Amino acid sequence: MSFWRFFRDRLFAVCVFIITWAMLMIFLLALSCGISALIATSSLLLIGGTITLLWDFLRRRDFYNRINTSLESLDNKYLISEMIPDPDFADGEILRDIISEACRSMYESVAEQKRNTVEFREFIELWVHEIKLPVAGLLLMCHNGGEKAAEYVPQLMRIDDHIENVLFYARSENAEKDYIIKEVSLKKAFSAAAMKNINALQKRGVSIQAKGLDVKVLTDGKWLEYILGQFISNSIKYFTNEREPEINVRASVTSNRTELRFRDNGCGIPASDLPYIFEKTFTGENGRRGSRSTGMGLYIVRSLCNRLGHGISAESVPGEYTEMILSFGSNDHLKME
Amino acid sequence: MPQYTERSVSMSRILIIEDDIPIRDELAQLLQNAGYETVIISDFFDPVPDVLSAGADLILLDINLPCINGELLLREIRKNTDIPVIMVTSRTNELDEVLSMSYGADDYITKPYNPTILLLRISAVLKRSSGTQHSLSYHGLSVDTAKGCISGNGKEILLTKNEMIIFRTLLDSQGKIVSREQLMTALWDNDEYINDNALTVNISRLRSKLFEIGCTDAIETRKKQGYVLL
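For the protein sequence lines, the chains are G and H, in the order given.
For the first sequence, our numbering gives the first residue as 1, with consecutive numbering after it.
For the second sequence, our numbering gives the first residue as 1001, with consecutive numbering after it.
Next comes chain H alone, as it looks inside the complex (with noise of 0.2 Å):
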C-alpha cells in the first residue's frame, strides 16, 4: 500500500516510484520541503493498482525497478490515466529518453540531477497540467506572462522576459524566500544566460517597476538566504 504523509487541500500531490531507499527518502524531504505532499511506494510487483489509487497530481518514475521496467510501467499507468510523469534515471542515453516520450513521459531527467532543476521541472510540469495560466494577480494588480506586463491601478508597466521570469519565479512561492541560486537556475532553465550581475541588476529594475506601478517595497532582501515577494 502507498504510504502517505499527511495532506493539506492545496498541496499538490507527488508519487515517488523509486527502490534505491536513500534517493527516495531524501527526494521525498526535498519535495516536502518544497511544499508538496509525497506518495511512496515500496512494493513493485504490480503496482499499477497503487499508483492509480494513490491520487498523486504528478508521477517521479525511476527506469530501473526490480520486479518490473520503469517504461513498462508507464504504459501502463498511461493505459489508464493522463497524470502527468517525469522520468528519472540514471541511464544517459538517449534511447531511453526517445522511449520514455513516445510512451506519454512528460519529461526525462537523469541521475545525478540538480534538486533545485528538478523542483523547476516539476513546477513547470504542474504548471502545464493544470492548463496554463498566462493571467495571475498580484494584490489587485492583473500580471499577463505571455504578454509580460502588469496592470492595475490604473497604470501598466512593461517588464522584460528576464524581468518576467524572476517576478513569476518569486510570485510561485509568494511569502516564502526564494534563493538568488533559484532565480538563476530558473532564468538559465529559459535561455537566459545572465550572470551574478545581471541578476542583481534585473531585480532592482523590477523593484522600481512594481515601485511605479504603486507596489512599495514589494521585494525583500533576505540577507544571505534570498529574496521574498511579499
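With the rest of the complex left out, here is chain G (with noise of 0.2 Å):
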C-alpha cells in the first residue's frame, strides 16, 4: 500500500481538515489576535493532523503487506483466511471476518468436490470391475460356441477398449497415488499389449518389429501396457491401403534415458495437426475422416505419462509414417508430484 493511494483516499479529511483550518484563522483574526498565536496553532493542528494521518497510515501498510505477502506464498489462495494477522482496527476486523467466513465456505466446497470427486472415481473402478465379468463371461461363451459366435468377438473386444478408456481416464485425472512404480520390462509390456490386440492387428494382416525391447524401466506396468494398446489400436484405425501394414518398435539406452519409439506406415498426421494431437477431444483430420476418433486416446496417454513423469512425443510424415516416442528417465519417480 503507498502512501499516495493511501492518502488520495484520505483527500476529504484533508480537505475538510483544510478549511477547517482557513475558518479558524478567519475566526481568530476576528477576534484580532496576534500572529503568534495563528503560528501557533497552525503548527499544533499541523502536527496533530499529520501523526493522525500517518499513524492511520503506517498500521494500515503493516497489515496489507503481510497479508499480501502471504497471499503471494500460497498455492491456494483460498486458504489466506487461516493467514491473516490480527488487525488492530475496526475496517481490518471487519474485512477478517469477512475474509474468514467466505473462505471457510470456499473451502467446504471444494472439500465436498474432492470428496465427490474421489467417490465417483471409486465407482468407476468398481464398475468396471463389475462390467468386466459379463464380457468375460461372453468371451469364453463365444469361444465355446463355435464359428457363428466367434464373430461377436471383435464387437466385445471394442466394448472392452472403451471400458479400459474410462478405468485410465479416471485415473489420469485424480490426483490419488495408485501406481507402483517398478522395473518393468519393455519386451513383457509390448507382449501384452500386442496380445491384447492380437485378433485386430491378424485381421488387418499387419507385421510387427520388434527391436531392443529388453530392456527395464521404472514405471507402472499396467499403465505402460494400457499407453502402447493405444499406440497400437490407433495404428490399426490409421493403415492405408496403399501397402502392407507394419508396425516397428525399437528401443535405445543412453546414459540416463531409455527411449521407446512405435514407428508404424499408416496414413500420417498433417503436419497442421501434429501439435494437437495430445490436446482434449482433438480429432483432427484424421479423425473427421475416419468418423471413429473420439480424441480421448491420446489425451489419456499424456495425462498418464505426465503422472508418470515420462516424455512422449510424436513425429510424422503424411502419407509415410507416425512415430509415437516414449522417454523413461532413470529417476522419473523422483521428479513425480
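Derived from the structure by calculation, the hints contain no laboratory data.
All values derive from a computational prediction rather than experimental measurement.
Treat the hints loosely; a few may be bogus.
[What the hints assert, rightly or not] Simulated pairs of lysine-lysine, BS3-like, Cα-Cα distance not exceeding 27 Å: (1) K1161/H <-> K203/G; (2) K1223/H <-> K188/G; (3) K211/G <-> K1079/H.
[Said to hold, decoys possible] Pairwise CB distance ranges (calculated): (4) H162/G <-> I1177/H: 32 to 40 Å; (5) P318/G <-> L1136/H: 29 to 37 Å; (6) E1076/H <-> R289/G: 50 to 58 Å; (7) V153/G <-> R1168/H: 39 to 47 Å.
[Claimed, not checked] Pulled a few chain H residues facing chain G out of the computed Cβ check, cut under 10 Å: (8) D1050; (9) D1189; (10) D1191.
Cβ coordinates follow ideal geometry from the N, Cα and C atoms, glycine included.
Combine both chains into one complex, guided by the hints.
Written out as C-alpha cells, the structure reads:
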C-alpha cells in the first residue's frame, strides 16, 4: 500500500481539515489575535493532523503488506483466512471476518467436490471391474460356441477397449496415487499390449518388428500396457490400403534415458494437426475422415505420462509414417508430484 | 464339497475358484474341451480344506471372492502346498499383480482374457511345474526344444525358433486339430509377431524339413479348421 494511494483515500478528510483550519484562522483574525498565536495554533493542528494520518497509514500498510506477502506465497489462495494477522483497526477486523467466512464456505465446497470426485472415481473403478465380468463371460461363451459365436468377439473387444478408456481416464484425472513404480520389461509390456490386440492386428495383416526391447524401465506396468495398447489401436485405425501395414518398435538406451520409438507406416498426421494430437477431444483431419475418433486416447496417454514423469512426443510425415516416442528417465519417479 | 467331473488317469486336473457362475461354467467347458478335467468349489466360507483335498494339478483363482480375498486364500494355500496357481481377476492394477506374485502365484491374468491365451498360460505353467522337458519324442525321433533340433534315423535337422514353436504346439496336442489362431497365439506369446502369410511359409518349411528326416505327411491340413500332427 503506497502512501499516495492512502492519501487519495483520505483526500476528503484532508480537505475538511484544511477548510476547518482556514475558517479557524479567519475566526482568530476576527478576534484580533496576534500573528504568533496564529502560527502556534496552525503548527499544533498540522502536527496533530500529520501524526493521525501517518499512524493510520502505517498500521494499515503493515497489515495489508503482510496479507499480500502471505497471499503470494500460497498455492491455494482460498486458504488466506488462516494467514491474516490480527488487525488493530475496526475495518480490518470486519475485513478479516468477511474473508474468514467466505474462505470457510469456499473450503467446504472444495472439500465436498474433492470427496465427490473421489467417490465417483471409486464408483467408476468398481463399475469397470463389475462390467468386465459379463464381458469375460461372453468372450468365453463365444469361444465355446463355435464359428458363428466367434463373429461376436471383435465387438466384445471394442466394448472392452471403451471400458479401459473409462478406467484410465478416471485414473489420469485423479490426483490419488494409485500406481506402483517398479522395473518393468519393455518386452513384457509390449507383448501384453500386442496380445490384447492380436485379433485386430491379424485381421489387418500387420507385420510387427520389435527390436531392442530387452530393457527394463521404471514405470507402472499396467499403465504402460495401456499406453502401448493405445498406440497399437491408433495404428490399426489409420493404416492405409496403399501398402502392407507394418509396426516397428525399437528401444534405445542412453546414459540416463531409455527411448521407445513406436512407428507405423499408416497415413501419417498432417503437420498442422501434429502439435494438437495430445489435446483433449482433438480429432484432426484423420479423425474426421475416419469418424471413429473420440480425441480422448492420446489425451489420456499424455496425462498418464505426465503423472508417471515420462516424456511423450510424436513425429510424422503424412503419407509415410507416424512415430510415437516415449522416453523414460532413470529417475523419473523422483520428479513425480 | 468340491464337485468333480469324470476323471481319467492322464488328464491334468484344474481347480476353478470363481464366484461368477456363468464365467465358472463357461471356463469349465473351455477347459474340458481342451482336454482338462475340472473341479469346482462353490462354498467360499473357509475353502482351504476343500482346495487341498481336491487333488488339483493347477488352480485358477479369482481375487474378488465372497467371504475371502483371493490373495489371502493364495497365502493360505501356499502355507500348505506348492500347487501352481494362476490368479484371474478383473482388476487391472499393478498392486494386485505384485501382491499376488509375491504371495507365490505362478501367473496373473486379467479378465476379460482371450481364452486361447489362457489355455497357453495354463499349459506353460503345467509344463514348468512338471519339470521342464527339453527333450520330447515324436515317432521315435528325439526332439530337443532348447537346441531346436530333431534327430533320428541317422539324420538331424535344425528348426528355426518359429518352426520349433509351431512343432511344439502341434506336438502338445498330437492327433488333435490345432487352429491357425492357436498357432499364431503361441508364436506371439513367444514374442514372434509374424503375420498370416509368414505362418503359411513357416508351416510349409517345417513340412519339408520333417520330410527330409523321413516323416512324410506328418502335418495334415484340415480345411477351415487348422492342422493336425499325425
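Can the suggested window of 50 to 58 Å be confirmed for the beta-carbon pair E1076/H and R289/G?
Cβ of E1076/H to Cβ of R289/G: about 56 Å, so the range 50 to 58 Å holds.
Should the interface hint for D1191/H be scored as holding, given a Cβ-Cβ cut-off of 10 Å against chain G?
6 Å, holds
Satisfaction of the hinted span 39 to 47 Å by the C-beta atoms belonging to V153/G and R1168/H:
Given about 26 Å between the Cβ atoms, the range is violated.
Look at the Cβ atoms of H162/G and I1177/H and judge whether their distance stays inside 32 to 40 Å.
34 Å, holds
Given a cut of 10 Å on the nearest C-beta pair, is the interface hint for D1189/H held or broken against chain G?
7 Å, holds
Decide if the proposed pair is consistent with the structure: K211/G and K1079/H, CA atoms, cutoff 27 Å inclusive.
Outside the cut-off at roughly 41 Å; violated.
Range hint 29 to 37 Å (beta carbons of P318/G and L1136/H) holds or violated:
51 Å, violated
Taking the closest Cβ pair, is D1050/H under 10 Å from chain G?
23 Å, violated
Quick one, are K1223/H and K188/G close enough, alpha carbons at most 27 Å?
34 Å, violated
For a C-alpha distance cap of 27 Å, please report whether K1161/H and K203/G respect it.
With Cα atoms ~24 Å apart, K1161/H and K203/G stay inside 27 Å; holds.
Hints 2, 3, 5, 7 and 8 from the earlier list are contradicted by this structure; the remaining hints agree with it.
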